[in-house]
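So the protein lines, in turn, are chains A and B.
According to this note's numbering, the first sequence is numbered sequentially starting from 99.
According to this note's numbering, the second sequence is numbered sequentially starting from 99.
Any given hint could turn out to be false.
Note that the list lumps identical chains together, so a pair holds whenever it fits in one copy or between two copies.
Claimed, not checked - Computed list of lysine-lysine pairs in BS3-like fashion (alpha-carbon distance at most 30 Å, straight line): (1) Lys526 to Lys270; (2) Lys272 to Lys306; (3) Lys267 to Lys281; (4) Lys346 to Lys396; (5) Lys306 to Lys277; (6) Lys150 to Lys180.
Since the hints were derived computationally from the structure, they do not count as laboratory data.
The structure displayed is predicted, hence computed values, not measured ones.
There are 2 protein chains.
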Amino acid sequence: MPVPDRAGLKIVHIDVKDIRFPTSLGGHGSDALHTDPNYSCAYVTITLENGKQGYGLTFTCGRGTEVVVFTIRALKKFVLGKNAADIFADFAGFWRAITNDSQMRWIGPEKGAVHLAVAAILNSLWDLWARLENKPLWRLLVDMEPEELVSTIDFRYITDVITKEEAIKLLKSKQASKKERVKYLLENGYPAYTTQVGWLGYSDELVKQLCNKYLNLGFTHFKVKVGLNFEDDYRRCSAVRKHIGEDKFLMVDANQAWGVNEAIEWMKKLAPLKPMWIEEPTSPDDVLGHAAISQALKPYGIGVATGEMCANRVMFKQFLQSGGMQFCQIDSARIGGVNEILAVYLMAEKLNVKVCPHAGGVGLCEMVQHLQYWDFASLSGTMEGRLIEYVDQQHEHFYDPCIVENARYIAPKLPGYSTQFLPETLQKYAYPNGSEWQRMFEEGLFSPPDEAELANA
Amino acid sequence: MPVPDRAGLKIVHIDVKDIRFPTSLGGHGSDALHTDPNYSCAYVTITLENGKQGYGLTFTCGRGTEVVVFTIRALKKFVLGKNAADIFADFAGFWRAITNDSQMRWIGPEKGAVHLAVAAILNSLWDLWARLENKPLWRLLVDMEPEELVSTIDFRYITDVITKEEAIKLLKSKQASKKERVKYLLENGYPAYTTQVGWLGYSDELVKQLCNKYLNLGFTHFKVKVGLNFEDDYRRCSAVRKHIGEDKFLMVDANQAWGVNEAIEWMKKLAPLKPMWIEEPTSPDDVLGHAAISQALKPYGIGVATGEMCANRVMFKQFLQSGGMQFCQIDSARIGGVNEILAVYLMAEKLNVKVCPHAGGVGLCEMVQHLQYWDFASLSGTMEGRLIEYVDQQHEHFYDPCIVENARYIAPKLPGYSTQFLPETLQKYAYPNGSEWQRMFEEGLFSPPDEAELANA
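Kindly generate the complete structure, drawing on both the sequences and the hints.
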């Protein structure tokens, strides 16, 4: 995979938009700590001198999107005027420059709003690269030589777990059989699980209907939100277990609701319902807490899953090292783009932890399918115990939405990273000036935007 | 300490300013990763209906301050219109509300730019409370009943190390002897160490001059920056050791320059110079890495110090639990204000780790003296092995600057948290429109501000 020729690849424009969907109106996506999310994103469009564009986004939950959008504006200076070919030729160097500016790193480093902003920019650059090569992102990654793929990763702070040389060796060991697995993916897709049977805001009747719906669609793994009230959790999980039967899989997700000891006690009491994992039992920063919970729940056959709010590769490294994570739920837009995500996959492979990406929200399903496809073809070489989360929301806004059939993600075929919005979505849901938002403000469905939210408009 | 009466205490205005000092021009503050900082801050002024004001800041390094300023604007909605007395009456509840808004927490949570923004706001509220009580902040804290002080803390995610009840018990055990220690503080101050003998940008001759200067001022503890080049480090540290003699203390600070194994190897080779601690040997997020380094260096008598970039109380909890931190360097403006800092002090006391606050930058010395005074009077009851960092820069901009005499911080006496700027500082150093910045732009000393930096002006 040669880096593209430099001609015409100067980055001449970066546009960023605050896009919000009024999902709180339907109670979709509600969990123990995020009771009323408006699924949103900061959406970046990068334009080259030759007119070609790359599209990238970072998922957000409504309020706060304005901060990520503003931060992207503050990061433009690290990208504008550069030649995209030069970025791809030393992608790790570019990554280090944008994440570790000597002054700006103080306000991270490599975490929170700035890292979300970096993710949107990096995602747009990977989308651009794939488009320039006329390939879906997963094929771009799969077709790279191991040395080339690894050259995009900054190994600072992780060499005690994996070095560049070890990473290359892991990838080389799977090179010979790569083609067969690509063929398998194209013919069979990749297994998905559903999170849509048990959001906290849903009624019992709706839970039952949804179990039946997703069983009929071929799903075998069902995730339920828990954490606010034990009796309610037990009742809803029992109902799901009854509806799906003993041969299917139940996962539960507390979205950080508990302290460490509380998590252990709560889950011991849910153990008779045989959940396969407990997701986000406590603070996403608590490596030692997750390790303690993992150890306590191991005798009950319950694994710990986390990652959607894991700040960066250094935090992932510790979750993987400590035994605090049996299922590694990378998110495609929280850590610093594909470059840093590849580092996490490589560490997970080295330490024998299964990656089951976080998805849902806005565009996350679209992105993670590419990553997991690459993992199967080039790195882990197996789907055993691995699944991609699937939530059937917000896909209609994308030019190249993910397709899930018979509970499997079908191979993306169009060039890029699948996150380009349709023009009418931008026109309707740009916040606060899109036509749908203007209508909803007028109808009193939402309070008008505040000073900061107006500043990016 | 009764919460003040509500009359006139409605918060009617919040102002936030981007204040930057051109410290990069002199090489002050340069270290392995922050090679050219312009010491800066986001500066908040909160105004009550009765006209009284509170002042708070969060330290930054130049670029990126605009993001923190913007984030403070986005957080105004959680503060404006509230009555300050109601906030103080349920300070933990207010803290939870501003740090864990159901939508906004996604862009943190409790870390990075949003948490720095929260810190500036919370610091201004504590300054305001102390002013309303007509006391310096440390006296406000010392005079609080244990139950009242603890009521300001959110214990979520830390109860596996300390509960509210244990915290009250720790404080109660020191109540009887508090008055004596207050008297001692007023008469003797609190010991300081200097970081000013060995910034990386300084010449050998300057290092020697500064050692002599600070020895003459009575200092016994000297910190030197390391991490870029071993030979250079060894030479400079040897020189400092020679100048200060064997009876004084040398600390070294790598500012996150190394990987875990590299840190261990580098420090073993510096061990003959008897450094008391190695500060920030690796990523500030790497709890397990710091624990490994601590264990490896223990036989050499070298402790590990870290904290200035530790994201929140959950990260501090783990550093304290794991043995990864022998010196806990809380920062007054990175984590969520005094409320969260108190939680860290309480955990450190419970787990027998010494707190030696990070200071320097802008306003950090002014703030941490109050915290450490409180710790001695009300919590640890000892100064043994504890010191406050001191850097003699940017104090002249404050209305009530810290005073260090004979290498000891003298008790602050004016009401508040000591971080109110003088009017001429705001006029000169507001970025980018202050008179000094306008002059420096005209003289070509700095590039003009970018789009985002202009947006808050």
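Hints and how they fare:
1. Lys526 to Lys270: Neither, since 47 Å and 59 Å both go past 30 Å.
2. Lys272 to Lys306: For Lys272 and Lys306, the Cα distance exceeds 30 Å both inside one copy (43 Å) and across copies (58 Å).
3. Lys267 to Lys281: So Lys267 and Lys281 pass the 30 Å test inside one copy only (23 Å; across, 65 Å).
4. Lys346 to Lys396: within (20 Å within a copy, 51 Å between copies)
5. Lys306 to Lys277: neither (42 Å within a copy, 65 Å between copies)
6. Lys150 to Lys180: within (15 Å within a copy, 50 Å between copies)
Hint compliance for this structure: hints 1, 2, 5 are broken, all remaining hints hold.
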